[in-house]
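If you read the sequences in order, they're chains A and B. Residues in the first sequence are numbered consecutively from 1, following the working numbering. Residues in the second sequence are numbered consecutively from 1, following the working numbering.
Please note: incorrect hints may appear among the correct ones.
To be verified - Distance ranges between label pairs, derived from CB positions:
1) A:V126 x B:N75: 38 to 44 Å
2) A:L42 x B:S172: 56 to 62 Å
3) A:T65 x B:T87: 39 to 45 Å
4) A:L166 x B:R180: 51 to 57 Å
5) B:V83 x A:P56: 34 to 40 Å
What the hints assert, rightly or not - In silico negatives: residues of chain B with every beta carbon more than 10 Å from chain A:
6) G102
7) T139
8) V241
9) V283
These are computed hints drawn from the structure, not numbers from a lab. This structure is a prediction, so every number in the text was calculated from the model and none was measured. Using N, Cα and C, we set each Cβ at its ideal position, and we do this for glycine too.
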Amino acid sequence: MAGARVETIGLAAGRPAPSFWAEAWGRFRSNRVALLSAVFLLVIHVVALAAPFITPYDPNAVDITSIHARPSAEHLLGTDENGRDVLSRLIIGSQATLSVGLLSMAIAVVIGALVGGISGYLGGAVDSVLMRFTDGMMSIPNFFLVLVVVAVFGSRLENIVLTIGLTSWMLVARVVRGEVLRYREYDFVLAARALGATGRRILFFHIMPHTVPAIIVSATLGVATAILVESALSYLGLGIQPPQASWGNMLSNSQAYLFQNPLLPVYPGMLIFLTVLAYNFVGDGLRDALDPRTYTD
Amino acid sequence: MVAYLVRRILEAAVLVFIVTVVAFFLIHAAPGGPALLSNPELSREQIQQMRQTLGLEDPLPVQYLRWLSNVLRGNLGVSYSTVEPVTALIASRLPNTLMLSGLALLLSFAVAVPLGVISALRRNSALDRLVTGFSFVGTAVPVFWLGIVLILVFAVQLRLLPAGGMFTPGSSFSLPDRLRHLVLPTMVLVVLNLAAFTRYTRSAMITVLAEDYIRTARAKGLAEMRVIAGHALKNALIPVVSVLGVYIPRAVSGAAITEAVFAWPGMGQLAVQAASTRDYPVVLGVTLTVALVVVLSSLLTDLAYAYLDPRIRLG
Chain A
1 MAGARVETIG LAAGRPAPSF WAEAWGRFRS NRVALLSAVF LLVIHVVALA APFITPYDPN
61 AVDITSIHAR PSAEHLLGTD ENGRDVLSRL IIGSQATLSV GLLSMAIAVV IGALVGGISG
121 YLGGAVDSVL MRFTDGMMSI PNFFLVLVVV AVFGSRLENI VLTIGLTSWM LVARVVRGEV
181 LRYREYDFVL AARALGATGR RILFFHIMPH TVPAIIVSAT LGVATAILVE SALSYLGLGI
241 QPPQASWGNM LSNSQAYLFQ NPLLPVYPGM LIFLTVLAYN FVGDGLRDAL DPRTYTD
Chain B
1 MVAYLVRRIL EAAVLVFIVT VVAFFLIHAA PGGPALLSNP ELSREQIQQM RQTLGLEDPL
61 PVQYLRWLSN VLRGNLGVSY STVEPVTALI ASRLPNTLML SGLALLLSFA VAVPLGVISA
121 LRRNSALDRL VTGFSFVGTA VPVFWLGIVL ILVFAVQLRL LPAGGMFTPG SSFSLPDRLR
181 HLVLPTMVLV VLNLAAFTRY TRSAMITVLA EDYIRTARAK GLAEMRVIAG HALKNALIPV
241 VSVLGVYIPR AVSGAAITEA VFAWPGMGQL AVQAASTRDY PVVLGVTLTV ALVVVLSSLL
301 TDLAYAYLDP RIRLG
C-alpha cells in the first residue's frame with residue numbers, strides 16, 4: 001500500500017523509473033523459477049478475488065449424506081467430515097489465508113518504513129533509541145507474543161492481522177534504515193536541501209522512493225512468514241475460526257480424520273507449502289532483479 | 001569489558017521490564033477477565049469478593065507494582081486455575097522445553113556445518129543444489145504439518161516411535177524411553193533450523209575462502225584438509241555463532257508449536273493454556289521467563305562472539 005504511493009511520487013519526481021523497472025523485469029523474467037512462482041501466485045490471487053463466484057458448491061453447505069466422499073466428478077476433491085465440498089472450501093479459504101498474509105505485511109511495511117526511514121535520516125539519539133527498540137522487538141519471540149495476544153483478545157481476522165503486523169516490521173525497518181543511510185549522502189539530497197526542501201520532504205519525497213525495491217523484497221518474504229504464522233495459530237485453535245474456512249484451519253481440522261480421509265490434509269497443506277515457497281522464490285528473484293547487490297537477511 | 005557487561009545487563013533489565021509492563025497491561029485490557037470469574041455458579045457478590053481478594057479491584061498501576069515487588073522477592077504468585085505456585089509450574093515445564101530445544105540446536109549445528117562446508121567447497125554441484133532446494137522446503141513447510149506427517153509415518157505406519165508425550169505412561173523414568181520420545185519432536189525442529197544454519201555456514205565459508213590468508217595457507221603447502229578445517233572453518237564459524245542471537249527467539253516460537261503437536265509438556269503448552277483461561281499470574285510468569293531466557297542467551301551469544309573473534313572489541 002505505502003509502497004505503491006511512494007513509487008508514484010518517485011515517478012513524478014523525475015526519476016528515470018521506466019528504464020529501471022523495465023530492466024528489472026528483464027532480469028526477473030530470465031529467472032524461470034521466480035517467473036513460474038509469480039504466475040502461480042497470480043493465479044491463486046485471482047482465484048481468491050473471484051472466490052464467491054467460482055466455488056462449485058456453497059463452501060459451508062453441510063451434506064450428511066456424503067461424508068468423506070472420495071474425489072469424483074461430482075466433488076472433484078471429495079468432501080470433508082460434514083460433507084462439505086473440499087474444493088469450494090479451498091477456494092473460499094484462500095481469501096482468509098491470503099488476506100492475513102497481505103494485510104499484516106502492509107501494516108508491517110508502513111511501520112517498518114517509518115521507523116527505518118526516520119531512524120536512518122535523523123541519526124544520532126533518535127536513531128539509537130529507535131534501533132534499540134527494534135532490536136528489543138526482534139529479541140521477543142514473535143510467535144509467542146502473537147499467540148498470547150490472540151488467545152487473550154480472541155481470534156478475529158482483525159486481531160490476527162494486527163498482531164502479526166505489529167510484530168513483524170523489524171526486518172523492514174532495518175533494511176529501510178540501511179538504504180536511507182546510503183542515499184542520505186547522495187548529491188540529489190544536497191541539491192534538494194539547497195533548494196530549501198524541508199527534512200520531511202527530503203526523506204519522504206526524495207530518499208524513500210529509492211528504498212521501494214528493498215521494501216518490496218522484504219515484504220514478499222514477509223507475506224510467506226505471515227501465512228505460516230496463521231496456519232500455526234490455526235493448529236492451536238487460535239487462527240481463523242470455523243466454519244469460516246482458511247487453509248490453516250482446514251489443515252489442522254483434518255488431523256482428526258487422518259484415518260477416514262487421509263487425502264484431507266494433503267490439499268490445504270500443499271497449497272500453504274506451494275504458496276509460501278512461491279513467495280520465497282519471487283522474493284529471491286526480485287532481490288536479484290531489483291538490485292544486483294544483494295540485500296542481506 | 002566490565003563496563004560493557006554492566007551496560008548490556010542494564011539494557012537487558014530495561015527490555016525485560018518493558019516486556020512485563022506491556023504484557024501486564026495487554027492482558028488486563030482483554031475483554032472477559034479471568035475464566036475463573038466467569039463461572040456461572042458464582043453469585044455476583046462472590047465474584048466481587050473474589051476480585052477483591054485477588055486484588056483486581058485496585059487501579060492497574062498499583063496492581064503492577066504489587067506484582068513487580070513480589071517478583072523481585074522471587075514470588076510469581078499463584079495460578080488461578082490450579083492454585084499451584086507459578087514458580088513451581090514453570091520449574092516443572094522449563095527444563096522440558098530447554099531439553100528439547102537444546103538437543104535440537106546441537107544436532108542442527110552438527111548436521112548443518114558439514115553440509116554448509118561441503119556445499120561451499122562444491123558450489124553448484126548436485127549436492128549444493130540439493131542442499132539449497134532442501135533449505136527452501138524447510139522454510140516453507142508448516143511446522144505442525146511436518147510433525148503430523150512424521151507421526152503418521154514413524155508412529156502410525158511403522159510403529160517405530162511414540163506419537164507424543166515425554167515418557168511411556170505407567171513406566172518409570174529410563175533414558176532409552178526418554179530418547180525415543182525425543183526423536184520426532186527433535187527431528188521437526190532440526191529440519192526447521194537446518195535450512196537457515198546451512199545457508200549461513202555456506203555463505204560464510206564462501207566469503208572466507210576468498211580471503212588472502214587462505215591463499216597464503218595454500219601457498220605454504222598446507223594440506224587442503226588443514227586449510228579448510230584449521231583456517232577457513234574456524235573463521236567462518238564466527239558469523240554462524242552470531243546467528244544464534246537471532247535464532248533463539250525463533251527457537252522458542254518453533255518449540256511452542258512442536259510441543260503442541262507432540263503433547264510435550266513444556267512452556268509453550270503452559271502459555272497457550274494460561275492465555276486462553278486468562279490466568280494472569282501464569283501468563284505473566286511465562287512471559288517473564290521467556291524474556292529472561294531470550295535476553296540471557298543473546299548476551300551469552302555476544303560474549304561468545306567477542307571471545308571467538310579477537311577483532312571484535314566490546315565497548
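We went through each hint and held it up to the structure:
For the pair V126 of chain A and N75 of chain B, the supplied restraint of 38 to 44 Å holds, since their beta-carbon distance comes to about 39 Å. Range check, L42 of chain A to S172 of chain B: about 58 Å between beta-carbon atoms, so the 56 to 62 Å window is met. A hinted range of 39 to 45 Å is violated for the C-beta pair T65 of chain A and T87 of chain B, which are about 55 Å apart. Hint check: L166 of chain A to R180 of chain B, Cβ distance near 41 Å, so the stated range 51 to 57 Å is violated.
The hint said 34 to 40 Å for the Cβ distance between V83 of chain B and P56 of chain A, and at roughly 53 Å that hint is violated. With a closest Cβ-Cβ approach of about 16 Å to chain A, G102 of chain B is found to remain outside the 10 Å limit, as its non-interface label requires. With a least CB separation of 6 Å from chain A, T139 of chain B falls inside the 10 Å interface cut-off, contrary to its annotation. With 10 Å as the threshold on Cβ separation, the claim that V241 of chain B sits away from chain A holds: the shortest Cβ distance comes to roughly 16 Å.
The beta carbon of V283 of chain B is not kept farther than 10 Å from every beta carbon of chain A, the shortest such distance being approximately 6 Å.
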